[in-house]
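Take the sequences, apply the hints, and build the full model.
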Amino acid sequence: MEEAVKELIDENQEYVINMGPQHPSTHGVLRLVVSLKGEIVKNVEPHIGYIHRGIEKMCESITYPQIIHLTDRMDYLSAHINNEAVCLAVEKALETDIPDRIKIIRTIMSELTRIQSHQLFWATYGMDLGGLTCFFYGLRDREKILDIFEETCGSRMIVSYNCPGGLMYDIHPNFQNRVKEFIKYFRRTLPEYDQLLTGNVIFRERTMNVGRLSLEDAISYGVTGPSGRASGFSCDVRKHEPYSAYDRVKFNEITFNDGDSYHRYLVRMKEMWESMDIIEQLIDNIPEGPYAVKMKPVIKLPEGEYYQRVETARGELGVYIISDGNKNPYRVKFRSPNFVNLSVLNLISKDFKIADLVTIGGSLDLVIPDIDR
Amino acid sequence: MPFDIYDFTSFTQWIDTSLRSSMSPAGAVAVEFLIVGVMILLFYAVIGLFLVYAERKVCAFMQNRLGPNRVGPFGMFQTIADLVKLLLVELVPIRNADKFLFNLAPFIVITASFMAISAIPFAKGLHAIDLNIGVLYVIAVSAMGVIGVLLAGWSSNNKYSLIGAMRSGAQIVSYELSVGLSLITIVILAGSMQLSEIVNAQSTGWFIFKGHIPAFIAFVIFLISSTAETNRGPFDLAEAESELTAGYHTEYSGIKFAFFFLAEYMNMFIVASIAATVFLGGWMPFHIGSWNGFNAIMDYLPPFIWYLLKTFFVVFLMMWFKWTFPRLRIDQLLTLEWKYLLPINMMNVLIMAFIVLMGWHF
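Chains as they are written, first to last, in my numbering: chain F, 1234 to 1606; chain U, 118 to 479.
Take these hints with a grain of salt, some might be off.
[To be verified] Label-pair distances were calculated between CB atoms; the ranges are: (1) 426/U / 1271/F: 37 to 47 Å; (2) 320/U / 1584/F: 51 to 61 Å; (3) 414/U / 1437/F: 40 to 50 Å; (4) 474/U / 1271/F: 44 to 54 Å; (5) 187/U / 1266/F: 40 to 50 Å; (6) 417/U / 1383/F: 55 to 65 Å; (7) 464/U / 1437/F: 25 to 35 Å.
In case anyone wonders, no lab produced these hints; they're calculated from the structure. Here a beta-carbon is modelled for each residue, glycine too, at the ideal position from N, C-alpha and C.
Next up, the structure:
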């Protein structure tokens, strides 16, 4: 019996449990070594690397158009936005002029990606908190976006729809109608999300004042995206450094000052409305023209360093390319939002209950393949 | 053979007298025990299977799904197929587990619910044991299940299980008070703890209508706290799959897991039957004052059907909770009990006592 007790308790008289790499609430293969005192979390130590595939290293041996297909596999819920980041970086390096048609289609696709990512967030967040019904409502609506993707891109989640200089194929003739139908449908069903979860007393009790992240900490740790904006950190790249067609649409950057789990959740809920506004402004204004600019058969970037940042559904994704003039990059570095957002987990979940650790982890909306890359 | 679907008293009397006429009194009692035991066991298994099926269908209905619909008509045999699978699954031995307690735990859980079901009046005269302290007996026996849960968590040699078991212990001990007090409210009104007496007292009107507002408050509190006591719905912290994978039964497999699973559903059925018996008139049909025609139509349904209808109504309510609400946190759960439900309940008992004293009830 004494041996068993020794195994359970570490030198600080804390009860150590491993959450993950296989655990229902880590949404992937993240391993959290949690030290507990009773139910109270004393320390969280994330162990990452269970799905490390060496994407950055692999990029060094392949060409630029090929890199795009690897970026899908990082944050698989923002696949299109990751593609776009690499394309924008390459186009910036080559100083290619991109026609409006491509820019607008890219923006619409990005916003659709953002909506489906937030829908899945809502679905899994409800499930993390024990409300299993949310999962099915979220996936019901997400299915509609995936159908639109399938029709136009040929693939549902890992779309790979971009290529340097434009898009892989033209949009499907049905695309505009399908998107308009979806917006009409989702404007009707999004209030259901609030009725089921946002207004629920138990949900509010569970999330309000849980895992508070101050503005100073958000900035010093570099937490971006909805998680950063909930703390009042105005960090929307779409607003501050507009790319593609974001400079010609009107939308609000959603920020709150509380920085708790509830407001991180609320930012995402409100962003879905904003994304729908953006799509509605653009969907009728797609000009005619080619869907891709003619590029050289072998793309070689001039010698130098290039950086492009975009706003994915989880925060700021930076693509940093060093080129030595060859068809392969010399070095590629992705500044992934999830890796940075994960770093605050220990800070904000200390002294909360173990159930709150799940709430906080869920509210950061981590995608593990993006952390490990 | 005097068989009457509306009153089983004469039928059971007939069985008793015919047995006693053919064998010694001790032998007759032994045979009766056997009959009752087998009947309850069968009932237990059938209701358990049906509840699992019902839960899956209700849950599918709440979640925009179809639910099981492939095995048999409307997927009715799905649970039987699941049961066969559970029987065939390997029982995984756990290293460093306390073998004796590990194997004992599921039996304690299932025995507790089995004992509780014997005190429930299913229909007029259909009642395995009619104790004069029936309410007290049911509360006492159903609380025994927590020992099994604690043992399961302790003996599995699993950290998640231990946390789940400790949560469950705190939860059941707390909510037992509210269950007891809300039943006491009705015991005051009925003036008896005997379940058959309580049902008979409701022939002129169900206690939930008879007992003014206090009875309604007691009903709501009973629903909340009995949901918590059965580790279900928004109070399933002991399992909490998103936090503790499966809580106290993480390490159980095969038929041992099935015991926990079945006991959970049967506990839900038992508390629903108690709610139906104590608050909703048990097997009494629904009557409205002097509407004699309406009352006669209501009387036409056999008491057993009335009992099942009411019980499944309460079961449906509990499923509705489970599939709508997110889970509470342990401190919120205890706050709800000790700071809200318990004081309200105590006041409620006083008010009910006052109403009964003044004769203000209907």
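Consistency of the hints with the structure:
1. A C-beta distance of roughly 44 Å is found between residue 426/U and residue 1271/F, which places it inside the suggested range of 37 to 47 Å.
2. One distance hint, 51 to 61 Å for the beta-carbon pair residue 320/U and residue 1584/F, holds here, with the actual separation near 57 Å.
3. For residue 414/U and residue 1437/F, the hinted distance range of 40 to 50 Å is satisfied, since their beta carbons lie about 46 Å from each other.
4. A hinted range of 44 to 54 Å holds for the C-beta pair residue 474/U and residue 1271/F, which are about 45 Å apart.
5. For residue 187/U paired with residue 1266/F, a C-beta distance near 42 Å keeps the hint of 40 to 50 Å intact.
6. For residue 417/U paired with residue 1383/F, a C-beta distance near 57 Å keeps the hint of 55 to 65 Å intact.
7. For residue 464/U and residue 1437/F, the hinted distance range of 25 to 35 Å is satisfied, since their beta carbons lie about 27 Å from each other.
The structure agrees with every numbered hint stated previously.
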